[in-house]
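Please put together the full structure from these sequences, using the hints given.
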Amino acid sequence: MPGTLYLVATPIGNLQDITHRAIETLRSVDLIACEDTRHTGKLLKAYDIKAKKLSYHQHNENERAVELREMLLAGQSIALVSDAGTPSVSDPGFAIIREAIAVGASVIPIPGAAAFVAAVTASGLDTRSIYFGGFLPPRRAERQKRFAQVKDIPATLVFYETPLRLVRALEDAASVLGNRKAAVARELTKMHEEIQRGTLTELKKLFEEHANLRGELVLVIDDESAESVFTEDEQLIRRVKELEDAGIERRAALKVAAKELGMTRSEAYRIMVRRG
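Numbering (the numbering used here), first residue to last: 13 to 288.
Just so you know, not all the hints are guaranteed correct.
Taking lysine-lysine pairs in the DSS-like style, the calculated list, with each CA pair at most 27 Å apart, reads [claimed, not checked]:
#1 Lys202 <-> Lys54
#2 Lys202 <-> Lys57
#3 Lys202 <-> Lys217
#4 Lys217 <-> Lys271
#5 Lys253 <-> Lys267
#6 Lys163 <-> Lys217
#7 Lys253 <-> Lys217
#8 Lys65 <-> Lys217
#9 Lys217 <-> Lys157
#10 Lys253 <-> Lys271
#11 Lys267 <-> Lys202
#12 Lys54 <-> Lys64
#13 Lys62 <-> Lys202
#14 Lys65 <-> Lys54
Quick caveat, the hints were computed from the structure, so don't treat them as lab data.
If you want it as structure tokens, here you go:
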């Protein structure tokens, strides 16, 4: 009788976020297939788990899947873990899951952390319908094409992105999707956890000032609705308030905000008077 493949979610940063069930599963299996044995070794050491480990990553996934399939056929139990979060969610895992199902092995999820879920729930954006797109393409043309493909999806959009490409991704998102509300979550559950909220253009300006940005990032973008895209008037008022909160005098704040939004000072002044 075939064995069991457990899909064990592990912490995305804080080691205390692992579940009791995950710990017990990792202690009980014959083998733990790890994206990086050294990285997973730190987690196992923290919880005194001494199970045998085997590497399973994007460069050996297909080869290892065949090897692990034979172990499942022999009745062994295997836990699959990624470096952080839930296996096969933008991480290796699909190949062995497919093989396990094909040979009749039990495939049992041990749920836990997923960075995109944590990010979207803390973003303040609508969570009734969510589209998760994994990592955005690295090339601008492909990235813009991806945004165009999801533009009309009636859901909050969630993507993973790297620090080096974040500003360009925010710029592309704004140009294709419009200046929607958005949030960027960085280093979730870790010491330097940060969640920034605003419009896509506001976030672009903010992160342009962070030349040495590091960490794992999740980009959350609101769906397209009358409430999700700020009008030019609203953008001006929000930006002026931010500058005033930072200690800048009203007249100077209005001048800076108008320049950032491509308005003349007289246009900006009329908007502020009109909106009270």
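Structure-based check of each hint:
With a C-alpha separation of about 16 Å, the suggested pairing of Lys202 with Lys54 holds against the 27 Å cut-off. A distance of roughly 19 Å separates the Cα atoms of Lys202 and Lys57; the hinted pair therefore holds under the 27 Å criterion. A threshold of 27 Å between alpha carbons decides the hint, and for Lys202 with Lys217 the separation of about 24 Å falls inside it, so the pair holds. A C-alpha spacing of about 13 Å is found between Lys217 and Lys271, which places the hinted pair at or below 27 Å, so the restraint holds.
Restraint check: the Cα-Cα separation between Lys253 and Lys267 comes to about 12 Å, which is no more than 27 Å; the hinted pair holds. Between Lys163 and Lys217 the alpha-carbon distance is near 22 Å, which keeps this suggested pair within the 27 Å criterion. The straight-line distance between the Cα atoms of Lys253 and Lys217 is roughly 16 Å, inside the 27 Å bound, and the hint therefore holds. Taken as a hint, the Lys65 and Lys217 pair is broken in the structure, with Cα atoms around 44 Å apart against an allowance of 27 Å.
Between Lys217 and Lys157 the CA atoms are separated by roughly 23 Å; this keeps the pair inside 27 Å, and the hint holds. Using a Cα cut-off of 27 Å, the hinted pair Lys253 and Lys271 holds, with the two alpha carbons roughly 15 Å apart. Note on Lys267 and Lys202: the hinted pairing is violated, with a Cα-Cα distance of about 38 Å set against a maximum of 27 Å. This hinted pair checks out: Lys54 and Lys64 have alpha carbons roughly 14 Å apart, not beyond 27 Å.
In summary, the hint linking Lys62 to Lys202 is supported, as the alpha carbons are separated by about 25 Å, within the 27 Å threshold. As the CA atoms of Lys65 and Lys54 are separated by approximately 12 Å, the hinted pair is consistent with the 27 Å bound.
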